[in-house]
Amino acid sequence: MGRTRAVLVSLTVAAFTGGGLLAAPGPSADPAVLMKARENLRISQLTLHRIERELEVLRRRPQIDPSVLADYSIYLLRVRSLTEAHGKVVEAMEAVNPQVPPVAPAASWPQVEPFPFDPAIPEPIDELSRLQREFVASLEAFDTFLLEEQYKAQRAMEDLADASSQEMTDLAREAAAAVERLRAKGIEVETGSPSDGANGGSQGAAGETPGSPGAPGAPGDATGEPGSPEQQPNGRPGEPAAEGASTRPAQDEPGEGPTHSGNAGDAGDTTTGSGGGASGSGDPSGSPASGVSGPAPDDGSGPTPPETRPPADDDDIVARQLREAAEKETDPELKKKLWQEYDRYKGLS
Amino acid sequence: MSVLRRPRNHGLTALIVVSLAAGCSSVPPGYQLVRPTSLDQAVQEVPEDQLLDVGVEISEARALSEKQLEKLGTNTDIRKSECRYIPYHLKTTLQQSSHWGAVQVVPPEGEVVDLTISSELVKSNGEMLQLEVNAVDAAGRVWLSRKYHAQVKQGHYTDTSQGEREAFQDLYNTVANDLAAFKHTLPPATIADIRTVSKLQFAQEFAPEAFDDYLSEDEQGLVVVQHFPAQDDPQMERIELIRERDNMFVETLNQYYEGLYLNMWEAYENWRQFNLVEQVALREAKKEAFFRTVTGILMVAAAVALQVGDLSPSVGVASGVLLAAGGQVIISGVNISQQADIHAEAIRELSESFGAEMRPTVLELEGKQYELTGTAAEQYREWKSLMRRIYYEETGFDPDVTRFGSADHAPAELPAVR
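Chain order of the listed sequences is A and B.
44 is the number of the first residue of the first sequence in my numbering; add one for each residue after it.
95 is the number of the first residue of the second sequence in my numbering; add one for each residue after it.
Worth double-checking, as some hints may not be accurate.
[What the hints assert, rightly or not] Ranges between beta-carbon positions, derived for each pair: (1) A:I360 <-> B:G234: 48 to 54 Å; (2) B:A157 <-> A:I360: 38 to 44 Å; (3) A:P354 <-> B:P141: 46 to 52 Å.
[What the hints assert, rightly or not] Where chain B lies over chain A, by a calculated footprint (3+ residues, C-beta under 8 Å): (4) 173-187; (5) 196-202.
None of these hints come from the bench; they were simulated from the model.
For glycine and all other residues, C-beta sits at the position ideal for the given N, C-alpha and C.
For reference, chain A alone in the conformation it holds in the complex (with noise of 0.2 Å):
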């Protein structure tokens, strides 16, 4: 034990001059040497002298956190140890340097300020406060949890959003390549929307010749009944579809086979739908354009002007979908691409 001790004595006087003990046998005589382990025997002496002042300071409050007073304590402890070492080194030094005058006693120096003591502490705290202020951050900490779990799920909900809307543009564009791949074929596809004149007229263009222009369309009369024969020639829910060229799957009686957006439900149970009486080809407008047959050649001549274009409301699914898409891009060529898209699935160019 003793040994140790002194090693470690030995060494913290080497710590405290600068390491140069470590490489002498003995205490240097270097005067300049001596200055500095003095200056820090003083320094060692007035921090000692503060902590020991504020310990007192902290040891007369009324309700002092023990575990303040014990740390304060140990932090008193330690420094004093090390103006302890300091010392033994300042004495050893001046044994074998007795030409250089010693300095003032402590007692001479002069005072610190009197300090109006106000350690960067907590307010003494009873085991309660302790708790409550436990208890307000473990609230605040789960609060911060929830909003960052909440920012998480919104999160995810847009991705989901932006996954959809990618995944419905891919797919509408599959389906406009589709509609190109028929029309090449000589097969004529309605793109107008379902809801102007959808529930007779989706069913009317089910037999209408390839190419043909469709015919005037007449206003819906939002009843959401099945077209009359009258008004759909060349077809009516639950007939199949005549030779040739439809596209659109037939139902076997309204309400019974695969619904698409628009088409008649159960009759009379139908409260969307418009004008079941419309065109046969299912355009209102009656426009040439689509009737128009075969797929449209791509000379490069680039999408159409905005401003011909039909309003959207003519747009089914497809077009609806391949016309957002073009609207959000932001890449000039892809827009360009997705516009070319939507004018020749519309049959537009």
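Position chain B against the provided structure of chain A, taking the given hints into account.
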């Protein structure tokens, strides 16, 4: 024995004919057939102290055999997603009714709320929905314990609106209306008591030492309030702060539930719609095949009977024609039966495809739910411990001693948290 068997066979045949003709329209015993029902909405704003918070638990799916699932045209993946979709849609319907306070979907048996709704999904295939619904308030009063059976046609799928109105809306409206009707039978004081009971139950869960004797059971087994906490009870104030966080936590969970609900809406509707079409077609094909086969057999039997009874040439010709026609009818029946197989295959493929589409999403949600509830449970454990220590500091009573007589009898750990 053969004499006894004959009428049984006839009875069986009649049963088959009736069931084929009826399709799925028959309502099982104990089920309430859902009629077209509009939602009963509150005509005027419900006062704050009369608003009950509702927790709609994630549904349980009744265990069905593989054969039953196949017959329904569904599978376990689909039913798992439905168990999250159905409570969420019931939540939106209850919210639309404006009779309630906060309505949230909650994990099973996980939350203390004024009114808890649990449900068991019995059958669902797009054409039919069978649901058993139970609703119990915080005091233990049973509001509802009913089995609903709803059937739709394809027209019901044309008037849907994501998050608001779906094909089986009549069922959801009926459940919501039944709950609202029961609420109207309760005096305002009872509703206020339910709110207090759930508040104190929550407090008991977090600080049992402080609130243990605030509630008791009456002779009917209902939980009643023994005494109310003081207005400025600091422990209750802390509990209220925790409850706010608990509500926020449930809201966060609901954001994820909503994600799944909205995500699956379109695909689920498509699956149900096409399943309905195929189910109807399958049933029609089976019925047609059955009748044709029976008719053909009868015609053949009649031809044979004619030949046995009369051997004149004219009867012989008629018998031959009848025999040939009967054979043709039987063959057509077999052909239609093959069409039925095609429909059955389509149903299977549709279900597999939709189930596979939903599986990862449901798994992801389950993982998230597990993660969130795990974190929350950890936090709740900490709060329970804090409440316990604070109680000790405030009262000077050692909770273990006061509650268990002596600290030696106290449990080593706090009771398990939700």
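Is the gap between the beta carbons of B:A157 and A:I360 within 38 to 44 Å? Once the Cβ atoms are compared, 40 Å apart, the range 38 to 44 Å for A:I360 and B:A157 holds.
Looking only at beta-carbon atoms, does the pair A:I360, B:G234 fall within the given range of 48 to 54 Å? holds (51 Å)
Taking the CB of A:P354 and the CB of B:P141, does the distance hold inside 46 to 52 Å? Hint holds: Cβ distance 49 Å, inside 46 to 52 Å.
Three residues or more, CB to CB closer than 8 Å: is that satisfied between the segment 173-187 of chain A and chain B? holds (count 8)
Report holds or violated for chain B covering the segment 196-202 of chain A, Cβ cut-off 8 Å, minimum 3 residues. Contact hint for the segment 196-202 of chain A vs chain B: holds, 4 residues under 8 Å.
Checked against the numbered hints given earlier, this structure breaks none of them.
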